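Start from the sequences, fold in the hints, and give me the full structure.
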Amino acid sequence: MRYVVAVAETSSFTRAAERCHVVQSALSHQIARLERELGARLFDRTSRRVRVTPAGEAFLPAARQCLEAAERAAAEVAAAAGEVRGRLTVGVIPTVAAVDIPAVLRDYRRRYPLVRVGLRVGGSGDLVEQVKRGTIEVAFLGLPATARPRDVGAHELARDRHVAVVAPEHPLAGESEVDLRVLAGEVFVDFPSGSAGRAQSDQAFAAAGLARDVAFEVTAPDLMARLIQQGLGVALLPSTYTPRLAGVVTIPVTDAPSRVEHVVWSRFTLTPAATAFLAVLGVPTGSGPTTRSARSTGDG
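Using the UniProt record's numbering, read the sequence shown as starting at 1 and increasing by one per residue.
Only true hints are included.
Restraint-style ranges between C-beta atoms, simulated for each label pair:
1) Ala40 / Thr269: 30 to 36 Å
2) Ser25 / Thr269: 37 to 43 Å
3) Val104 / Ser176: 33 to 39 Å
4) Arg133 / Thr14: 28 to 34 Å
5) Glu18 / Leu67: 16 to 22 Å
6) Asp44 / Arg111: 43 to 49 Å
7) Arg106 / Phe268: 27 to 33 Å
8) His29 / Gly134: 31 to 37 Å
9) Ala246 / Gln30: 48 to 54 Å
10) Ser25 / Ala246: 49 to 55 Å
These are computed hints drawn from the structure, not numbers from a lab. Just so we're clear, the structure is a prediction, and the values are computed from it rather than from any experiment. C-beta atoms are modelled at their ideal positions from N, C-alpha and C, and glycine is treated no differently.
Here's what the structure looks like:
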């Protein structure tokens with residue numbers, strides 16, 4: 001099954017053999033044997049390409065699940081012997097600020113060098129769903145202060161308030177503070193509609209009875225900053241994240257929305273690698289579905 005998944009993901013018997021550290025003839029022989037046992041071809045082979053057949057598409061999800069189950073079983077056996085190994089996939093939002101992810105991964109790697117770590121960047125809503133589905137084990141989120149992660153284990157990391165982000169030449173750049181009423185007259189650069197990052201600002205303006213013009217929607221805050229530098233708009237971003245952005249000016253907002261950062265994990269299946277990662281973070285996982293950190297900032 002591992003060979004089939006490798007061929008499907010690389011679209012090449014040669015690259016799949018390299019990934020699996022076997023000679024191509026052995027890999028091809030094993031796949032052909034499996035196809036005979038199944039009574040169906042999993043791949044259409046030509047001199048130029050390899051294409052997954054409908055039978056192969058039907059086979060792949062179960063094959064991946066079997067491989068993941070085998071890997072989890074091996075990790076559990078290793079954990080019983082005091083050894084943490086296997087795979088850990090961590091999801092992060094682009095504006096995570098409560099935790100220095102590279103530093104945490106450095107400490108984690110030093111303690112658990114046998115764990116292979118993958119990082120996925122995404123929006124908070126999508127990351128929560130991936131945790132529920134089990135495609136990632138741990139995720140770092142940012143949500144409006146009125147929202148809470150649901151159906152997952154969760155630990156509050158920090159709270160902060162948004163600030164206005166403008167170009168140095170913007171008329172508001174010299175202000176000591178502004179409010180949403182003043183900002184409502186500006187053109188905005190923001191996260192895509194429907195995302196948690198966007199909801200934080202949308203809810204604040206709606207609560208104040210104000211409308212605004214969002215002319216640009218982007219997923220990456222560094223690109224957002226570059227658009228702001230060009231004078232294309234202003235933005236509201238978490239105050240703890242904005243020091244990473246160069247070439248822009250930040251202004252306190254008197255009635256700014258607040259953001260809460262959480263780390264979340266599955267309430268039902270917590271792998272040894274994920275348990276160890278949360279321990280490195282200092283996150284309690286046995287005190288109920290939701291816990292709160294003492295490291296909160298701001299009055300969110």
